Amino acid sequence: PLIRSILKERQAGQRRMPVFAREGSAFQKIMHRIRLVAATDMSVMIFGENGTGKEHIAHLLHDKSKRAGKPFVAVDC
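The sequence shown: position 68 = 68 (full-length UniProt numbering), numbered continuously.
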């Protein structure tokens, strides 16, 4: 059910992205790293406290990678 739900949201374009402070230097640093890693075939592990936007960062990374047209599956462990 979870994978179907994710795929359904993706197909409908209804993925909710948080409002990040896009002008801040921290966001700019994250986006720079996302662009660097997205260009590779590297595996990525994103970790942090609950509610910090890890899954949203993962979506950004996926959307900028060569795999953007393929399904995104979040693993919460």
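Just so you know, the hints here were simulated from the structure itself, not pulled from any lab data. The structure displayed is predicted, hence computed values, not measured ones. Certain hints may be false.
Unchecked claim - List of simulated lysine to any residue pairs, SDA-like, C-alpha gap at most 25 Å:
#1 K29 <-> E55
#2 K66 <-> M45
#3 K66 <-> D76
#4 K29 <-> K66
#5 K54 <-> I30
#6 K29 <-> M45
#7 K64 <-> M45
#8 K64 <-> G24
#9 K70 <-> G24
Exercise for the section: Would you list, in rising numerical order, the hints stated earlier that this structure does not obey? Expected result: Result: hint 9 breaks, nothing else.
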